[in-house]
Amino acid sequence: MAEIRCPMCSTMNPETAEVCSNCEARLTPLVSGMPPADQQASGVEGIKPAESDVPSDGDDWLANIRAGAIMGSGAEDNAAETDEPDEAAPDWLGRLREADSSIDEGPPTEEIPDWMEDFLAAGDDVTEEEEVPEWLSRVRARREVQTDAQPGAGEDEDWITRLRDEAPTEQPTGVEDLRPSPDVEELTEQPAPQALDLGPPPDVPAPTPQGEMVQEKPIPSYDAGDIAPSPEGIDDDFQPAVGEPILPEEEMEWFPAPDERELLDAEGLPHVPALLDGETEEKAFTEITGLDMDSIELPDWLGELKPSTPQAVQEEDDAADLAPATLPSWLEAMRPVDTFRSEVEIESVEVQPVESAGPLAGLRGVLMAEPVVAMPRTASTAAARLDVTERQYAQAELLQRLVEEEEKEIPPVKAERRRLPLMRWAIALILLLAVILPFGFNQLGVEGYALPSAVSPDFSDLLNLVGSIPADRPALVVFDYTPGYSGELNTVAGALLEHAVMRSLPIVTVSTRPTGPPLAEGLLNQIGADYGAVNGESYLHLGYLSGGPTAVQLFAIAPRNVVLSGYHLPESLSEGSVWGSPLLQGVQQLSDFNLVIVITAGTDTARTWAEQTHPWIGDTPLVMVLSAGAEPLVRPYFEASEKRVDGILTGLPAAVSYRQYSGLPLDTSVQWDAFGLGMLAVELILIAGGAYGVGLWLLRLRER
Amino acid sequence: MPELPLDFIEMIVAAFVTVMILSYVIGDNVLFRIATYLFIGIASGFAGAIAWANVVKPTLVQPLIDKELVSLFSREGAVTFLIPWMLVLFLLLKLSPRLSRFGSLPVALLVGVGAAVVVGGSITGTLIPQSRAAAETLSQEIVFTTSGEPLSIWLENLISALVLILATISVLIYFRFSAQRELTGGARRSRIAEIFAYLGQIFIAVTFGVMYAGALMATIVVLAQRFQFLHDVLTQIVGGT
Amino acid sequence: MGGVDQIGLFILLLFVGLLVFFVTIDRRRPATFRPIRGYEALKGVIERAVEAGERVHLSLGTGSVIGTDSAPALAGLAILTSIAETTTMSDKPVVATTGDGAMAILAQDTLRRVYTEARALSRYSPISGRMLGPTPFSYVANLPILLASEDISVHVLAGSFGAEGALAADFGERQGSFVLAGTDDAQSQALLYATAEHPLIGEEIFAGGAYLNVGRVHRASLRVQDAVRMLIITGIVIGAVLSLLGVSF
Amino acid sequence: MKIGTYLLWAAMAVGTGIIVLLGYFVQLDQIPADGLVRNIFELRLLIMRWAVLLAAVSLGIGLYNLFLVHWTKISKQETGWKYSAVLIVTFVVTLILGLVFGPDSRAVLFLFNSIQLPVETSLSALLAITLSLAGFRLVAQRRDLISLVFVGTALLVLIGSGPGIISTESLFFGFFAGLRNWLVQVAAAGGARGILLGVALGSIVTGLRVLLAVDRPYGE
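Protein chains in written order, with this note's numbering: chain F, 1 to 704; chain C, 1 to 241; chain W, 1 to 249; chain B, 1 to 220.
Rather than coming from a laboratory, the hints here were simulated on the basis of the structure. None of the values given here were measured: they were computed from a predicted structure. Just so you know, even glycine gets a beta-carbon here, dropped at the ideal spot from N, CA and C. Among the hints, erroneous ones may be present.
[Stated by the list, open to error] Mimicking DSS-like on lysine-lysine, the simulated pairs with C-alpha atoms at most 27 Å apart in a straight line are:
#: 1; chain 1: W; residue 1: K92; chain 2: W; residue 2: K43
#: 2; chain 1: B; residue 1: K73; chain 2: W; residue 2: K92
#: 3; chain 1: W; residue 1: K92; chain 2: B; residue 2: K82
[What the hints assert, rightly or not] Residues on chain C that point at chain W, a partial pick, calculated with CB under 10 Å:
#: 4; residue: Y37
#: 5; residue: A53
#: 6; residue: V56
#: 7; residue: P58
#: 8; residue: P63
#: 9; residue: K67
#: 10; residue: E68
#: 11; residue: A78
#: 12; residue: T80
#: 13; residue: R101
#: 14; residue: G103
#: 15; residue: L105
#: 16; residue: V119
#: 17; residue: E182
#: 18; residue: H231
Please work from the sequences and hints to get the whole structure.
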């Protein structure tokens with residue numbers, strides 16, 4: 001069913017509609033005898049006259065227009081000042097009336113603008129080529145060719161149907177019938193008035209009637225290093241022919257890509273038909289491939305760089321009186337020559353359609369709303385080729401990919417549906433059970449893991465070292481770990497400190513972390529309770545050294561200048577300075593301590609104490625109590641030829657062994673079993689992960 | 001009942017807070033957030049009090065109390081009292097967004113000292129000692145048998161020394177950033193570097209595996225110790241001993 | 001002048017000389033670096049975060065400015081410069097957090113400089129560089145709430161961490177964020193290798209400035225590292241041969 | 001080169017940096033200096049002590065920044081403002097107790113032992129579950145040779161370190177303990193040395209960029 005386009009807002013409306021569905025403008029012409037209400041409802045509200053001005057008989061359509069003219073006079077006054085005096089205002093009405101009476105004469109002659117006049121004159125007299133603009137002479141040549149090719153083209157047919165007939169008719173040999181299949185025919189039936197349709201850029205999907213997005217076909221990715229892609233790389237679906245509406249993908253499926261063999265030229269190099277240069281090559285090409293150049297469409301933005309025929313180029317050169325500009329060869333090859341053939345013809349008045357709506361409804365020969373330039377035109381059939389080499393083609397491809405990538409919207413990452421952390425719960429449950437069960441071993445009479453019996457070689461050195469330290473001067477114990485690691489390090493360091501307290505070695509603590517002093521007070525308070533060691537007599541806290549390695553170096557050089565107040569001092573010392581304590585009598589610098597024990601979980605801290613104190617520690621042994629993970633990084637300091645670390649104690653197993661061999665009481669059996677079961681659980685978890693991973697990998701291997 | 005109720009209350013609160021944090025295993029929840037914010041508040045207050053008591057007060061305030069005003073303006077007073085006060089005042093300008101620009105002098109001092117400690121500590125503490133230790137790995141005692149040393153021990157020591165040097169060199173080569181430009185615009189190592197880098201990657205995986213195992217062992221000990229603590233608290237509450 | 005560590009001084013001057021040399025030849029003979037997967041992916045996800053109106057979070061770790069553990073945080077500040085330049089115009093600009101007061105001040109100064117250069121100082125907020133907690137664990141404990149409340153989709157750890165760095169990375173993974181993590185401590189690197197989606201191992205954390213195009217000197221720095229690396233390897237091999245021959249040094 | 005205040009800051013950073021750096025290579029106490037200090041060594045000590053003081057004051061500024069963030073959240077009643085209220089109350093109470101009675105007072109130690117210590121230890125305990133899950137996922141999902149070597153090595157070290165699948169008293173424990181020691185003391189030590197050297201290279205160049213005023217994190 002044909003449709004009418006609303007002149008006011010260009011919306012497509014069914015032919016039968018009187019009023020535009022979008023802006024309710026009047027679609028059906030005003031015919032005399034229509035009741036005033038219809039006229040008013042005719043959508044002319046914008047210029048509806050006031051009640052009093054409406055003439056009594058109401059049905060004279062000229063009176064309405066005059067009322068409109070009065071309403072608009074305010075605007076016209078302004079316009080008038082610029083264009084014509086007031087008296088001349090009714091004059092255009094007169095002309096309208098003449099146009100109304102002689103609708104068939106076509107546009108009033110005196111009104112014709114100059115360019116139009118030339119055009120018409122050119123239409124009558126073909127021979128005077130000099131004055132006729134050159135582009136018009138070609139247009140006229142084109143028209144004669146056309147009329148020969150299509151005798152009897154219906155005069156009165158709708159301009160769109162003629163447009164469609166313009167589509168290439170000869171069927172290129174060797175390629176299946178490219179004529180759109182019947183169901184596509186209806187789509188092209190719809191009079192979709194288009195401006196100069198160069199086709200939207202291939203990546204911007206043309207709005208389809210149903211509004212659903214046309215699925216873009218991704219350009220096949222290839223490395224820049226490859227030779228220019230053969231035409232299959234440019235899928236026809238992807239590049240709509242110029243002038244044709246972009247069809248939903250499924251309809252275009254039957255538009256097959258040309259066969260690869262045909263596109264290879266004699267030497268086997270993949271020729272890109274659209275880009276061969278020169279008329280002669282084109283013939284050779286058509287003979288080889290039998291493919292007509294029109295059917296192969298360029299990427300749209302390349303489309304504008306339409307090839308120019310050598311002969312047209314020659315003409316331009318002659319006409320120019322200026323010295324021809326010397327263009328670079330590659331630019332010369334790409335210089336477009338206007339090959340568009342204006343399809344627009346100004347028909348005689350009889351043929352012109354009656355204006356169906358709007359204030360000029362019922363009139364003929366009304367100028368088109370769109371500028372003439374915007375009228376549909378199609379490229380001429382005899383388009384010449386671009387002189388483009390392979391390298392330029394590859395660069396064009398690269399440029400096109402870059403353009404498309406820029407415009408391509410980064411697809412939003414679909415937020416993973418928050419799945420229940422079942423794996424995390426399962427592993428947590430296994431670990432918690434493994435650690436909790438040993439507390440019930442005694443009640444259940446289950447025997448736990450046996451305590452370690454083997455003694456590692458570097459272990460006995462440490463035992464002898466701590467066992468042989470004299471008690472005349474204090475041992476410095478550095479608490480450089482955070483409360484987070486106290487669970488492990490209190491247990492490991494506890495063995496060493498308990499051994500020292502058992503041997504009544506005086507202990508002085510210091511820390512380069514704010515939380516170190518309270519940890520030291522907590523651990524020594526717990527150990528001292530069993531051996532009667534009291535703060536201020538058996539042990540003393542120097543407190544917090546702020547400043548990291550800088551403070552360590554300052555402390556190593558001159559401890560008394562750095563530590564000013566001390567931490568949690570007993571009442572007897574709280575008035576004076578911590579250095580007044582008898583424990584610290586002979587201590588002036590770091591080497592005056594009998595032993596330095598550094599308890600830390602971090603390898604950086606261990607390295608800092610090993611490096612920064614080395615020049616000032618003298619012969620005092622340095623022992624490191626480490627978390628299990630720090631051992632590999634500190635061991636090089638312990639094994640270097642020039643020893644910087646004299647003893648290492650790492651992890652719970654070593655601590656349990658130390659307790660066994662230093663004769664300390666062993667109250668850690670439950671913790672040892674919990675540790676053992678925890679390790680068992682973790683080992684099984686890792687084995688399960690490994691088995692799962694290897695299994696999947698083998699499955700994939702077999703599938704491939 | 002424990003002698004001091006404070007210790008008992010301390011233990012009960014610690015047990016509650018432990019359960020609130022371990023509940024994060026199930027998922028982020030209100031209990032976890034309350035315990036976390038309590039912890040951050042206390043840690044911040046504690047750190048502020050320690051910084052004041054151990055550093056700021058002894059340097060900026062104590063001299064005002066202990067020393068006469070005259071000595072503060074002497075040569076020694078200038079460097080231990082006046083200049084520090086000036087730097088601190090400049091630093092406090094950072095509190096106001098408008099004047100913040102002029103507080104950059106002390107920050108520049110901090111950055112200068114930090115950068116120097118990084119460069120000096122790395123050169124003298126790691127680069128030289130570690131390179132020397134790597135070079136000395138293949139010493140004569142290891143390569144040539146000493147009398148009475150069993151062959152297997154000698155072989156094991158020799159292989160260990162070679163593996164030590166090979167591990168260090170291949171890991172260093174793996175971290176090499178420079179590469180050759182490929183035709184397609186990518187970048188790739190040379191053939192030899194590729195072999196050493198792959199070997200280096202395996203040694204890195206072994207090193208990380210050892211450290212990961214160590215950390216895992218440490219955290220299992222902590223997990224066991226936490227439940228030991230909860231078990232002790234329960235027995236004390238139930239047993240009333 | 002006795003008491004001069006000549007070897008140390010020579011190495012220091014060697015570094016400075018090589019740095020100046022590589023900066024001068026960078027324009028004529030630009031360097032090519034091997035791809036690092038983490039940095040490649042980071043560029044894309046930052047753009048997506050800006051487009052999707054989500055926030056990027058950079059953690060500068062818990063190291064102190066005047067400690068040996070300040071090096072990765074200084075490298076983190078170079079990465080912060082690059083990220084901030086991309087997100088100044090975003091609805092939710094980058095947030096930098098740290099566990100040290102002085103490092104928080106440096107983060108604020110770095111952000112202010114970037115906003116000033118981008119002529120967007122009005123959009124700068126002082127609390128976009130902040131300290132979350134004074135101790136390592138108090139800093140990490142604050143992360144899950146920050147990640148949830150500030151709609152963070154890119155979670156970058158570039159600073160000094162202990163074992164708690166693994167918790168920091170795991171909180172990011174649970175939030176479904178893109179996690180890129182690097183530090184200087186080898187043990188923490190091992191844990192981040194297991195827990196983070198894009199771990200930076202070894203000295204890759206120090207290559208952030210070069211891979212995110214912060215400046216010519218950053219690229220020259222990587223070439224200096226490679227040159228000294230080859231000297232160390234040569235030194236180790238020659239040293240091994242000399243010690244084999246009984247020469248001690 | 002544009003003139004600006006940044007030159008002053010750069011001069012301060014480079015000057016103090018060079019003095020502290022020289023302390024690592026040169027016996028500075030033999031370089032005399034007249035004026036405020038007797039020799040360069042004393043000047044270096046002073047600069048380091050000022051740095052320690054400024055670091056502590058910066059901690060104070062950081063705590064004020066923390067207070068401001070949460071105070072803003074409360075005043076704007078943003079989501080989760082109740083938690084911020086809990087944080088601010090405990091922060092102020094602990095700070096006042098610490099300033100008035102000292103950080104080693106019984107009250108402050110009560111707060112430390114009842115909340116800070118158990119929370120940090122429990123977070124460390126959570127790490128056990130996190131690391132186990134990460135190990136499982138690493139080898140189950142990434143499935144490359146490197147992850148397999150990583151988890152395989154970890155497994156061997158765990159088996160050789162203590163009781164688990166194999167008790168410390170079983171026959172095979174000796175073999176696994178020896179294998180564990182070799183892995184830790186040879187393979188991992190060599191790899192760790194390579195990583196330490198690499199990290200040192202990166203740290204040196206990063207520090208040099210600051211000392212040469214190429215990187216200026218202290219602002220313009």
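Each hint tested on the structure:
The hinted pair formed by K92 of chain W and K43 of chain W meets the criterion: a straight-line CA distance of about 17 Å does not exceed 27 Å. As the CA atoms of K73 of chain B and K92 of chain W are separated by approximately 17 Å, the hinted pair is consistent with the 27 Å bound. Distance check on the hinted pair: K92 of chain W and K82 of chain B sit about 24 Å apart at the alpha-carbon level, within 27 Å; holds. Interface hint at Y37 of chain C: satisfied, since its Cβ lies 8 Å from the closest Cβ of chain W, which is below the 10 Å cut-off.
Among the interface hints, the one on A53 of chain C is violated; its C-beta lies about 14 Å from the nearest C-beta in chain W, farther than the 10 Å criterion. Using the Cβ-Cβ criterion of 10 Å, the hint placing V56 of chain C at the interface with chain W is not satisfied: the shortest such distance is roughly 12 Å. Evaluation of the P58 of chain C hint against chain W yields a violated restraint, the C-beta minimum of about 18 Å exceeding 10 Å. The closest approach between the C-beta of P63 of chain C and any C-beta of chain W is roughly 23 Å, which is over the 10 Å cut-off, so the hint fails.
For K67 of chain C, the interface hint is violated, since its Cβ never comes within 10 Å of a Cβ in chain W; the closest pair sits about 27 Å apart. The restraint placing E68 of chain C at the interface with chain W is violated, with a minimum CB-CB distance near 32 Å, outside the 10 Å limit. Of the supplied interface hints, the one on A78 of chain C is violated, with its beta-carbon coming no nearer than about 23 Å to a beta-carbon of chain W, more than 10 Å. For T80 of chain C, the shortest C-beta to C-beta distance to chain W is roughly 19 Å, which exceeds 10 Å, and the interface hint is violated.
Interface hint status for R101 of chain C: upheld, as the beta-carbon distance to the closest one in chain W is roughly 8 Å, under 10 Å. Interface restraint check: G103 of chain C against chain W, minimum CB-CB distance 8 Å, threshold 10 Å, status holds. Given hint, L105 of chain C at the interface with chain W, is violated; its Cβ is 12 Å from that chain's nearest Cβ, farther than 10 Å. Interface hint status for V119 of chain C: upheld, as the beta-carbon distance to the closest one in chain W is roughly 7 Å, under 10 Å.
Here the hint on E182 of chain C is kept, as its CB sits about 9 Å from the closest CB of chain W, short of 10 Å. Because the closest C-beta pair between H231 of chain C and chain W is about 24 Å apart, greater than 10 Å, the hint is violated.
Hint compliance for this structure: hints 5, 6, 7, 8, 9, 10, 11, 12, 15, 18 are broken, all remaining hints hold.
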